[in-house]
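Residue numbers for the sequence shown follow our numbering, so the first one is 1 and each next one is one higher.
Treat the hints as calculated values from the structure; they're not laboratory data.
Hints are supplied without guarantee of correctness; some may be wrong.
Derived lysine to any residue pairs resembling SDA-like cross-links, with alpha carbons at most 20 angstroms apart [claimed, not checked]:
1. 19 to 7
2. 41 to 9
3. 89 to 101
4. 65 to 101
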Amino acid sequence: MEEGKLLPSERGGYILSHKGYLYNRHSENKDGSRTHWMCRKRPTCTKRATTVTPTGSSDTVEVLKHVDHPSHLPAPEEAAALKTYDKMKRTATEHPEAPPAQILRNALPQV
């Protein structure tokens, strides 16, 4: 069983991170048991991934189908950047009194 990570997107949805590739949510099947994801490099890359539909608050999901991307290399640093960005946004929301420089200083050493 292969697992992928769900990262929060800028618009409140999720981004799938699997083997260094990032996918945007595309659709679900009729009974809602599977979710289909499209590569974020679309339209230049048309590869897809299929997962079990995420339930609950878990940040991992079982990847059922995945194809390697011949048109570009994986970019795991993009997933790390998205995690850091989300952490900074959450910190700013939870601690509105904190100066922006402090939020950046606390988040960026982890990059």
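Structure-based check of all given hints:
Between residue 19 and residue 7 the CA atoms are separated by roughly 14 angstroms; this keeps the pair inside 20 angstroms, and the hint holds. A hinted pair counts as satisfied when its Cα atoms are at most 20 angstroms apart, and residue 41 with residue 9 qualifies at roughly 15 angstroms. For the suggested pair residue 89 and residue 101, the alpha carbons sit about 13 angstroms apart, so the restraint of at most 20 angstroms is met. A hinted pair counts as satisfied when its Cα atoms are at most 20 angstroms apart, and residue 65 with residue 101 does not qualify at roughly 42 angstroms.
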